[in-house]
Amino acid sequence: MRLLFILGEIGSGLRRNLSMVISVVLVTFVSLTFVGAAGMLQMQINQMKGFWYDKVQVAVFLCNDGSTAVGCASGSATKEQQANLQAMLESPAVKPYINDFQFESQAEAYKHFKEQFSNSPIVDSVSEDQLPASFRINMKNPEKYEIISETFSSQPGVETVSDQRQVLERIFSWMNGASVAAIGVAAVMIFCAVLLITTTIRLSAFSRRRETGIMRLVGASKMVIQLPFILEGVIAAVVGALLASVTLWLMAHFWLNGDLSRQFLNTPFISSTQVLVIAPVLIALGAGLAGISSLLTLRRYLKV
Amino acid sequence: MIRFENVTKVYEQNARPALDSVSLEINRGEFTFLVGASGSGKSTFLRLILKEDKASSGSVYVAGQNVANISSWRVPKLRRGIGVVFQDFRLLPQKNVFANVAFAMQVIGKSRSIIRETVPEVLKTVGLEGKERRMPHELSGGEQQRVAIARAVVNRPGILLADEPTGNLDPITSMGIMGVLDKINQNGTTVVMATHDDDIVNEMRRRVVELKNGKVIRDEAKALYTSMIPVVGESRRLRDASGEELNRAQGAQL
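Heads up: the protein sequence lines correspond to chains A and E, in order. Read left to right, the first sequence gives residues 33 to 336 (my numbering). Read left to right, the second sequence gives residues 164 to 417 (my numbering).
None of these hints come from the bench; they were simulated from the model. A hint or two may mislead.
[As the list claims (entries may be wrong)] Simulated crosslink set (DSS-like; lysine-lysine; CA at most 25 angstroms straight-line):
id	chain 1	residue 1	chain 2	residue 2
1	A	Lys254	E	Lys273
2	A	Lys254	E	Lys214
3	E	Lys346	A	Lys254
4	E	Lys273	A	Lys335
5	A	Lys111	A	Lys127
6	E	Lys294	A	Lys254
7	A	Lys335	E	Lys258
8	A	Lys335	E	Lys214
9	A	Lys335	E	Lys240
10	A	Lys81	E	Lys217
11	E	Lys346	E	Lys294
12	A	Lys335	E	Lys294
Could you build the full structure based on these sequences and the hints that come with them?
What follows is the structure, given as structure tokens:
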């Protein structure tokens, strides 16, 4: 009976304050979407780090016919130059820093290239001799990249030494920046949401002061008087959080796992099911914020 | 049932106290009128019983319990034992008669079956049978006050406090309301009624406690609105006073 009664009170409160309730829903929706987006970016960064850091290598590219680098003045790298480089990699000066290395010939490079861009028309316009052969080096400590770079970049037959990790770091720092920005926007929006919830609950308490006055006089408990107001705020915030979760899921499903993963084939994107981990967090966050701000408002504006 | 021991209530420092060391006992089943000019402390007296305000000094006992010792979460329990009626009825305009009375039972968690059984009984007691489905705006003032009384007593409180319940009603309707309050009193409920209505007090002949400037200046059993001992200068004070008091003075047998 009391539960039914409280539910009825919540219903009438929500209906009476419909426009305010909708604005609470929208503001929590937007703010929690930003919170969730920041969370998704962090998940994406971790996913990519996990995926790439094991695979990243320092590549020493050898000259081919089209190379323009200083070390390639004599044209394509010769067998001797290649053997010389291999000997250097096995020398005691370099050996302690690397785990292992493989040689990727032009034929192998072409094969990998075809695998990576199998869906792209670019495959047809590239021939085997346009791709450089390379030594792929797995570092013991990827931070020591400089040593390899200094040792090899001036050697004859070497076009360039590239650290794949540096490219990744740039992407990650950009993504980190984006997630910090998202958190910043989220913080401002959450502040708005809290203020709006506070105002809504205040209005709601004011428009129902007759009822609450009578409830007080006939001895209704504090919980029965306050709960409808608190739940009103919580329900609105949870609806906002659900909308945010759905939006994030749609983004992951149709954008990350749709368009983007078609464009960037070997980038591991987070799956839409991983987003479902964020949803409960958003809902708890929305409910918690609304609950606490309504409780504090009621303490000031609703005498019990 | 209600006992005041040297109770003083000061709202603002330096101002005259609203109640000034009042000591008074109201017994179970008694019907007591609280009379006195506006600002004499009648409403403060009622508020202290409800623990709406805290006494600045002295103790208020309700049903044997010092209200100062009741923790805030147990105040609702105290209030369940006290019904309150006001001059302005305070009904919920969007609820019908039945729902207005049932509201008082719903909010303290009474079951639907008990509500369905009790509310019609109480409405019968206050003389509103057959008007369960009416909305408050469809009722006369007297009928609205009867709904308010029904709501105040539906949870069977031991005490009924009435703050000028006939203040908005004409004399004949007022007499009807008094009949209802009398009936409730006869069923064993202690009634304390603050009023300006001299006709009613004179008609009922019950205990009268008169307050003036926060002090009890008269406490008589089976008394009249004004003291039977004439007070020199009192009638002139009434004539010089505000419009409300002038009206009352015209009604009183000076």
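Regarding the pair A/Lys335 and E/Lys214, is the alpha-carbon distance no greater than 25 angstroms?
13 angstroms, holds
Has the given pair, E/Lys346 with E/Lys294, been kept, meaning a C-alpha gap of at most 25 angstroms?
20 angstroms, holds
Would the hint linking E/Lys273 and A/Lys335 be met if the CA-CA limit is 25 angstroms?
Measuring from Cα to Cα gives roughly 23 angstroms; hence the hint holds.
For the pair we were handed, E/Lys294 and A/Lys254, check the Cα-Cα distance against 25 angstroms.
It is violated: about 32 angstroms lies between the C-alpha atoms, which goes past 25 angstroms.
Pair hint outcome, A/Lys335 versus E/Lys258 [Cα-Cα no greater than 25 angstroms]
Distance of about 23 angstroms is within 25 angstroms: holds.
For the pair we were handed, A/Lys335 and E/Lys240, check the Cα-Cα distance against 25 angstroms.
16 angstroms, holds
When you check the alpha-carbon spacing of A/Lys335 and E/Lys294, does it fall within 25 angstroms?
Violated, because 33 angstroms separates the two Cα atoms, which is more than 25 angstroms.
Is A/Lys254 within 25 angstroms of E/Lys273, Cα to Cα?
The given pair, whose Cα atoms are some 16 angstroms apart, holds under the 25 angstroms limit.
For A/Lys81 and E/Lys217, compute the direct alpha-carbon distance and say whether it is at most 25 angstroms.
65 angstroms, violated
Given the hint that A/Lys254 pairs with E/Lys214, test it: the Cα-Cα distance must not exceed 25 angstroms.
At roughly 15 angstroms apart (the allowed maximum being 25 angstroms), E/Lys214 and A/Lys254 satisfy the hint.
Just to be careful, I want the Cα atoms of A/Lys111 and A/Lys127 compared with a cutoff of 25 angstroms; is the pair within it?
21 angstroms, holds
Is E/Lys346 close enough to A/Lys254, meaning Cα to Cα at most 25 angstroms?
32 angstroms, violated
Of the numbered hints stated above, those contradicted by the structure are hints 3, 6, 10 and 12, listed in ascending order.
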